[in-house]
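**Q** Take a look at the letters that make up each chain.
Protein chains: 2
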Amino acid sequence: MQAPDASTVPLPPDPETRLRAGDHTALRLWLRLITCTNLIEGAVRRMLRTSFDSTLPRFDLLAQLERYPQGLKMSELSQRLMVTGGNVTGLADQLEAEGWLTREPVPDDRRAIRLKLSPTGRRRFAEMAAGNEACVIELLDTLSREEQQELLRLLGKLKPGLAERARRAHHTGDGKK
Amino acid sequence: MQAPDASTVPLPPDPETRLRAGDHTALRLWLRLITCTNLIEGAVRRMLRTSFDSTLPRFDLLAQLERYPQGLKMSELSQRLMVTGGNVTGLADQLEAEGWLTREPVPDDRRAIRLKLSPTGRRRFAEMAAGNEACVIELLDTLSREEQQELLRLLGKLKPGLAERARRAHHTGDGKK
Chain A
1 MQAPDASTVP
11 LPPDPETRLR
21 AGDHTALRLW
31 LRLITCTNLI
41 EGAVRRMLRT
51 SFDSTLPRFD
61 LLAQLERYPQ
71 GLKMSELSQR
81 LMVTGGNVTG
91 LADQLEAEGW
101 LTREPVPDDR
111 RAIRLKLSPT
121 GRRRFAEMAA
131 GNEACVIELL
141 DTLSREEQQE
151 LLRLLGKLKP
161 GLAERARRAH
171 HTGDGKK
Chain B
178 MQAPDASTVP
188 LPPDPETRLR
198 AGDHTALRLW
208 LRLITCTNLI
218 EGAVRRMLRT
228 SFDSTLPRFD
238 LLAQLERYPQ
248 GLKMSELSQR
258 LMVTGGNVTG
268 LADQLEAEGW
278 LTREPVPDDR
288 RAIRLKLSPT
298 GRRRFAEMAA
308 GNEACVIELL
318 DTLSREEQQE
328 LLRLLGKLKP
338 GLAERARRAH
348 HTGDGKK
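Same order as they appear, the protein sequences are chains A and B.
Heads up, the first sequence is in the working numbering, so the first residue is 1 and it goes up one at a time.
Heads up, the second sequence is in the working numbering, so the first residue is 178 and it goes up one at a time.
Calculated directly from the structure, the hints in this document are not laboratory data.
Careful: at least some of the hints might be erroneous.
Claimed, not checked - Per label pair, the in silico range of CB-to-CB distance:
(1) K334(B) / S75(A): 20 to 26 Å
(2) V283(B) / Q94(A): 41 to 47 Å
(3) T227(B) / S75(A): 52 to 58 Å
(4) K73(A) / R287(B): 53 to 59 Å
(5) P296(B) / V106(A): 58 to 64 Å
(6) A126(A) / R345(B): 26 to 32 Å
(7) T120(A) / G338(B): 34 to 40 Å
(8) R123(A) / G267(B): 41 to 47 Å
(9) L152(A) / T349(B): 31 to 37 Å
(10) A134(A) / K334(B): 19 to 25 Å
(11) D108(A) / K334(B): 51 to 57 Å
(12) Q70(A) / D318(B): 37 to 43 Å
Everything numeric in this text was worked out from a predicted model, so none of it was measured.
Where a beta carbon is used, it is the ideal one built from N, C-alpha and C, also for glycine.
Same shape as in the complex, but just chain A (with noise of 0.2 Å):
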């Protein structure tokens, strides 16, 4: 693939540059955090496509896949996916016929698929995930130790409440995208 001339690739976007003056502090922080989540995503995607020739999409899917030697059904995986985009069979079918996955029927669901990683998949994803947990701690490493970990924490505390609150929104029925 030719990379584009510079000059038509558009920076990414600075959510905060959105902010006014007198806006919130939360307001400030919930730009901030999508600004450097887009940001470590930008650079993940750009470290998977030019050290993997591979995309976020399918790192996320075999990602899911290491995690269940036993393997996944379609839906299960598909629930499981974090990255949207790209429907979950096409992009199946493509990681089958490079030998990354492999099928099998279910035994007790006749019209069920299981995926699994195969084993060849299983070492080429353990390269892939190192290669992403280097990148990562890189693109983190301006940060110290403790820094990270206090960052962690502060997630951490905010995160119960927004979970608990999507539960509720998905038990009402009001949980689609």
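Mind docking chain B on chain A? Use the hints.
**A** Leaving out everything else, chain B in the frame of chain A:
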């Protein structure tokens, strides 16, 4: 629109489930960042739908126009949007038809069109922005003011290096998604 059966609506996946014992703090932190960002974004989307019958791409587009009273060319607008998906032209067409914005020719560029919020659009957007701010304040209120400041500071320490890296990738033509 009818609410789907709750059982058919998957809960938002928690990327932290990808972690394994022994994973580095940085990886844990990165996955927690995505988790929190996804959860907040989901709650904001639900609020926009429930309270304003609107969407995040619409809100994002209007928020950009609100910052530029002199209007934005379509190309400038596209570059500033943080939400991908949904083509900008189609979205702008809808918003114009609904009276949110107007189109004007650009005097020094005969092929370009400048988009501006209409007075009505400006007034209605002010309500959405207030709703958004109230929602985000509530979502983050499990953290004290001091904790929010600390989180802001830590993310602020992380951001410049990430932004610099994105700029470099951009200038070497490696910035495409």
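**Q** Compare the structure with each hint and give your call.
**A** Tested hints:
1. The hinted range of 20 to 26 Å is not satisfied by K334(B) and S75(A), whose Cβ atoms lie roughly 42 Å apart.
2. Checking the proposed 41 to 47 Å range against V283(B) and Q94(A) shows it holds: the Cβ atoms sit about 44 Å from each other.
3. A C-beta distance of roughly 28 Å is found between T227(B) and S75(A), which places it outside the suggested range of 52 to 58 Å.
4. Restraint check, K73(A) to R287(B): a C-beta distance of roughly 57 Å satisfies the suggested window 53 to 59 Å.
5. Here the CB-CB span from P296(B) to V106(A) is close to 60 Å, well matched to the stated 58 to 64 Å.
6. In this structure the supplied range 26 to 32 Å holds for A126(A) paired with R345(B), their Cβ-Cβ distance being about 29 Å.
7. With their beta carbons about 36 Å apart, T120(A) and G338(B) fall inside the hinted range of 34 to 40 Å.
8. In this structure the supplied range 41 to 47 Å holds for R123(A) paired with G267(B), their Cβ-Cβ distance being about 44 Å.
9. The hinted range of 31 to 37 Å is satisfied by L152(A) and T349(B), whose Cβ atoms lie roughly 32 Å apart.
10. For A134(A) and K334(B), the Cβ-Cβ distance of about 21 Å falls inside the hinted range of 19 to 25 Å, so the restraint holds.
11. Range check, D108(A) to K334(B): about 52 Å between beta-carbon atoms, so the 51 to 57 Å window is met.
12. Remark: the range hint 37 to 43 Å for Q70(A) to D318(B) is upheld by a beta-carbon distance near 41 Å.
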